[in-house]
Every structure is written in C-alpha cells, then in structure tokens.
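J.: What follows is each chain in one-letter form.
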Amino acid sequence: MQILKIIIATVAISSIGISQIDDKTYSLSTELGVGYSRYFTTMDYDDLNQNGFSGTVKVMWNPEHLLSIGLETGYQYLYSLDVSDYSTEFGNTNVKASMYTVPVFIVFSMKVLPNIKLSAGSGVYLLFNSGELFGDELSSNQISIGAHMGISYTYPINNSMAIGGELLYSYFSKLQDQTVAIQFLFVYDFFRY
Amino acid sequence: MKKILILLVSLLLFYSCNNEVDVVTPVVDPSGFLDQTYPLPDNVKPIMEGVYEVTIGNDLLGDQVVVKWNRDRLSIFSGKNGGYIVLNSGYLDSVLFFFGYWRYSTNTETGAATFYIPANEGGSEILSGDTTFNTIKFIGNYGVGNELAANPLTLQYKRPFSQSVKQGNFDILAHRGGGRNSDYLGVSENSIEMINIAERFGTTGIEIDARLSKDGVPFIYHDGDINLRLTQKSIIWGDIESFTWAQLRTLVTLRNGEKIPSLREALEFTLEETNIKTVWLDTKDVDVVPASIELLTEINERAVNMGRNLKIYLGIPAEDVYDKFLEQPNYQDVPSLVELSIDQVREANALIWAPRWTQGTQSSTVQQMQADGRKVFTWTLDDENYIEQFINEGQFDGILTNYPTIVSYYHYIKQ
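Those sequence lines, one after another, are chains A and B.
The numbering used here puts the last residue of the first sequence at 193; the count rises by one with no breaks.
The numbering used here puts the last residue of the second sequence at 415; the count rises by one with no breaks.
Everything hinted at is true.
Here are the in silico distance ranges between beta carbons for each label pair:
# : chain 1 : residue 1 : chain 2 : residue 2 : range
1 : B       : G129      : A       : D46       : 54 to 62 angstroms
2 : A       : S84       : B       : L92       : 50 to 58 angstroms
3 : B       : S94       : A       : D85       : 58 to 66 angstroms
4 : A       : P63       : B       : D223      : 39 to 47 angstroms
5 : A       : I145      : B       : D72       : 42 to 50 angstroms
6 : A       : I116      : B       : D239      : 37 to 45 angstroms
7 : B       : D223      : A       : E137      : 19 to 27 angstroms
8 : B       : D320      : A       : F184      : 50 to 58 angstroms
Distance condition first, Cα-Cα at most 30 angstroms in a straight line; then the derived BS3-like pairs of lysine-lysine:
#  : chain 1 : residue 1 : chain 2 : residue 2
9  : B       : K233      : A       : K96
10 : B       : K214      : B       : K311
11 : B       : K311      : B       : K277
12 : B       : K311      : B       : K166
13 : B       : K80       : B       : K166
14 : A       : K174      : B       : K233
15 : B       : K80       : B       : K158
16 : A       : K174      : B       : K259
17 : A       : K174      : B       : K214
18 : B       : K324      : B       : K214
19 : B       : K233      : B       : K214
20 : B       : K277      : B       : K45
21 : A       : K96       : B       : K259
22 : B       : K324      : B       : K277
23 : B       : K259      : B       : K311
24 : B       : K80       : B       : K137
25 : A       : K96       : B       : K214
26 : A       : K24       : A       : K111
With the Cβ distance kept under 8 angstroms, some of the chain B side facing chain A (calculated, not the full set):
#  : residue
27 : D225
28 : I235
29 : S242
30 : T250
Treat the hints as calculated values from the structure; they're not laboratory data.
C-beta: ideal position from N, C-alpha, C; glycine also.
Given the sequences, and given the hints that come with them, work out the whole structure.
T.: Now the structure itself:
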C-alpha cells in the first residue's frame with residue numbers, strides 16, 4: 001500500500017506544471033547506471049558493512065509525451081557482515097553473511113526540466129542471502145515487493161547518447177529497509193521512429 | 001520547483017510515518033507493596049474462584065466476571081471486549097491484596113488494576129480456608145493507559161462455578177503457544193515466554209507449530225520464512241527450514257527479543273514449569289513428523305512418570321502430513337489429532353478430531369466421535385458470539401482460540 005502511495009505521489013509530483021513536449025519522435029533507449037549504494041537499516045550489528053555497489057539497466061520507451069515507461073533490472077548490494085570469534089551458545093565461530101538484490105521493475109520517468117527526470121518504479125526484488133556460520137553454508141533467496149524513486153540529470157553528448165547522474169531511493173517491503181544510491185548514468189537511444 | 005520540493009518533503013514525511021502499535025502493559029505494583037506481604041497459600045486460592053457481580057466499574061468489565069486462579073496469578077475474565085485482569089497477590093493480617101493490569105483482548109486498551117479483600121468482606125474466611133463464607137468482595141481501582149488506578153471497581157461474589165463446569169474436562173486451547181504477535185501480549189508467539197504466561201489467559205492447553213531445521217532439529221515457529229511479523233531484523237532471511245539449528249538460534253531473534261525455542265525446550269518447559277494439560281503440536285512440515293513423534297512420546301512418558309496431567313498430541317492438518325503419519329511404525333499408538341474426515345480419524349486411531357469451526361457445531365458427528373472414545377476440538381474460534389454459541393450449544397471437548405480469555409469467560413459462567 002505504501003508503495004502505491006509513493007508511486008501515485010511521485011507521478012503527481014512529476015505532473016505539476018509541466019506541459020507536453022512538441023517533439024513527435026518516439027524512441028527506445030537504454031540507461032546504464034553504476035555507482036555507490038548505502039543501505040539504511042535498524043539492524044544492530046557493529047560490524048555491518050552497509051556500503052556497496054549499485055548497478056541498474058533500464059530499457060525505456062519514450063513516446064512524444066513527457067512520461068516514459070520501461071523495465072529495469074540490475075544489482076544492488078545491501079549489506080555484509082564478517083565477524084571473527086563471535087560468541088554463541090554453541091561456542092565461538094566466525095560469522096559471514098551478505099545480501100544483494102536484483103530488481104525486476106516497471107519504471108516510469110518524467111522530464112520535469114530539460115535535463116532532469118523524476119522516476120518511480122515498482123516490482124519485485126529478488127533477494128539473495130549467503131554466508132557461513134559454524135562451517136555451514138548460509139544460503140537462501142526470496143522475493144520482496146518494493147519500489148524506488150529517483151531524480152536524474154543527463155547531459156547530451158550527441159543525438160543519441162547522454163551521460164549524467166542519478167540519485168535513487170529504494171524501499172524493500174520484506175526487509176522494511178531502504179537504500180540510497182548515487183549512480184553515473186549513460187543513456188543511449190538505440191531506436192527511433 | 002518550490003511546489004515539487006514541498007510535495008517531495010511531504011511525501012517523505014508521509015512515508016516515514018510508523019503505524020506500528022505498541023501496547024505497554026502497566027507496571028504491576030510499582031511501589032513494591034506486595035514484597036511486604038505473604039504469599040497466599042495454594043489451598044485457599046480455589047475458595048475465591050467463581051462468578052462475581054461487578055457492582056462498581058461496569059463500564060470496564062460489564063455486569064459480571066469470572067474469577068479464576070491460573071497457576072501463580074489470579075485472572076478475572078469479563079464478557080466485554082474480551083476484557084481480563086491478571087493479578088499478583090499477597091496478604092497481610094487478614095487482608096488480601098492484588099496488583100496487576102487489565103486489558104481488552106480485542107483491542108489495545110490496557111491499564112493498571114488493584115484490589116484488596118478486607119478481613120470482614122471475606123479476607124478472614126479465605127485465609128482460614130472457610131468455604132462457608134458469607135461474602136467475598138474485591139474492592140479496587142483501575143486506571144486507563146498510564147494513569148494511576150483511580151477509578152473504582154468492585155466485585156461481589158455471586159456463585160461458584162456450576163458442577164458441570166467443575167466436573168467437566170473442557171480444554172481452552174490457546175493458539176501459537178498462548179497468543180499471536182498481532183494481539184500485542186508483550187511476548188512473542190510460539191516462544192517459551194508465551195507458554196509461560198498462557199495460563200493467565202485461562203488456557204488449559206496450547207497449540208504450537210513444529211518445523212524442522214536443515215540439520216534435523218525440530219523447533220517451533222509458525223511461518224515458512226523468516227519475516228518481520230515474527231522476528232526482528234536479522235542478517236538472514238528466507239525459508240526458515242533452509243538454515244541449521246545453530247544458525248537459527250544464533251542469528252534469529254523473535255519479535256519481542258526471545259530466541260526461537262527448540263521443540264524439546266518448549267515441551268520440557270510445558271511439562272516442568274506449567275500446569276498445562278494439553279499440547280496440540282501442529283505439524284507445519286511433513287519432514288518434522290518422525291522427530292515430533294519421537295519427542296512427544298518421550299515427554300508423554302515423562303509426564304506419566306511424574307504423575308503430571310499432560311498429554312501431547314501430534315496435529316495432522318493436511319493430507320500430506322496424514323500420509324506421512326501413516327508411514328510411521330505403530331502410528332496408531334501415537335496420540336494424534338486429525339483435522340481431516342472422521343474416517344481418517346478412525347484410520348489413524350487419532351484420539352482427537354479437530355474440525356474447523358466454520359463447519360458448525362455438528363453435534364451428531366461430534367457425538368459419534370465421542371462415542372468412539374475420542375475428543376473433539378474445534379478451531380480457531382475467535383468471534384465472541386460464536387464462542388458463546390459453541391460453548392452453550394456445542395458438545396465440543398475443547399476450543400482452540402486466539403482469545404482464550406473470551407472462551408474462559410463463557411465456559412466458566414455456564415450453568
């Protein structure tokens with residue numbers, strides 16, 4: 001429900017005071033983003049590493065309207081923990097655990113200024129958990145619904161390519177945690193009609 | 001641009017709102033008064049049990065309540081919102097003192113409650129073990145939320161429990177060890193801590209959920225995955241049965257801070273630390289059937305040797321579990337509870353048939369089962385009107401519920 005509210009609100013925000021563009025060209029573009037992600041959680045582990053890599057791949061359909069729609073996937077590191085000699089009721093052990101996610105999202109984006117877009121998306125996160133405790137492997141995966149929203153700036157370097165940056169906020173329903181990622185963006189219009 | 005920023009900030013504020021409910025049970029006896037009193041002797045406790053009229057304080061509890069001792073606490077059950085009071089006790093001279101809290105089962109309202117029974121209002125007679133008392137009057141107060149207990153509340157003895165209630169063997173079974181996390185009881189469902197307080201809600205039996213860890217240790221936990229409904233945030237997530245027992249025990253913490261109990265810990269605690277007489281061991285995964293049978297057989301034998309009135313039944317909720325059960329050697333000698341058809345109950349030689357409450361009171365079928373020498377429990381009955389109807393019109397030997405306080409009230413007021 002929160003995710004729906006976020007999307008509706010983001011689309012509403014995106015719609016304020018923006019007129020339709022005159023360009024009648026439709027295009028398909030791919031957007032590659034790589035950067036840094038910070039995981040925000042209420043988990044209480046001193047040695048939790050919450051900094052990691054974020055990468056996204058989007059394929060967007062850009063009609064003559066301001067609103068674009070597309071699909072997104074990628075990779076986002078969430079956290080890892082590596083503690084030696086951890087004291088437990090079963091004796092001391094080394095604890096290793098990490099989590100990363102692969103989003104499968106529908107995304108919407110809207111140009112609010114000539115070079116600035118707001119985006120919002122929702123779908124599922126495939127969550128991959130792995131590690132080791134007492135010499136036994138930890139391994140599980142699951143699905144969480146989720147959402148993200150972002151703001152990006154792109155600067156065209158020619159007719160079909162642009163580079164820029166994106167600030168992306170993501171929410172994971174299952175974990176009730178979030179990430180903020182800063183990414184370098186490369187945009188390529190690979191098909192126009 | 002300004003509009004956008006304002007809306008964006010509003011959105012973030014809206015999103016950051018936390019709608020989680022936090023029910024804080026009032027501190028019992030904050031002044032430590034009971035420390036200066038003597039504990040009530042066990043033999044006098046049953047004297048004060050019975051049905052009481054609420055002479056002052058009907059707004060809180062309605063017109064009548066049930067007063068019932070449950071192990072080390074005095075519990076009071078009302079017919080209003082599943083309201084109940086749990087009290088610690090002690091006495092000085094010939095006056096009995098009680099400190100505790102009240103709570104509505106069906107919402108989150110709670111507050112402090114205190115009572116005393118004066119010497120001339122039954123205190124002397126209770127303490128002397130005199131069962132021919134003229135009256136017993138609880139005089140007290142209650143507060144709402146964090147308020148001091150300042151609102152008057154008085155209970156007047158009305159009658160003892162009926163003979164059918166006293167002589168019956170009706171089971172009040174609490175779901176998930178005593179209650180669900182969604183009812184905010186301050187301890188987590190399917191935990192040792194929950195089993196420890198279950199009797200305060202009037203329960204005589206508990207239902208717990210058995211699963212098997214990756215390395216073959218049976219433990220109690222309801223859902224199939226690690227999730228925030230049942231646990232605090234953890235570095236491990238996913239299918240709970242894909243982890244070893246050491247991993248679960250070390251890395252997973254239940255919602256209110258407890259560790260996941262092994263099935264052995266839960267059953268041994270029930271045997272040794274409580275007066276619970278029935279355990280419905282619900283089978284959440286077919287693979288846990290052999291380990292559950294081995295353990296319940298051992299604990300049942302220990303109960304017999306201790307002279308303890310406790311029986312653990314293997315719950316069989318579905319066809320796959322039923323098929324697995326029939327593969328076990330001597331399955332007909334295993335105390336079991338079958339939720340399926342009465343033919344399957346007979347084939348498994350189950351001691352209990354457990355139909356879902358939505359199938360109605362089914363009196364003739366219930367009587368058939370009872371004529372076979374079996375008990376019949378219905379589950380999971382939470383609606384107050386249906387609880388009243390099933391107790392008064394049904395022939396069940398027990399009811400599984402998330403609101404044992406409501407079942408207790410309607411059971412004990414039955415004439």
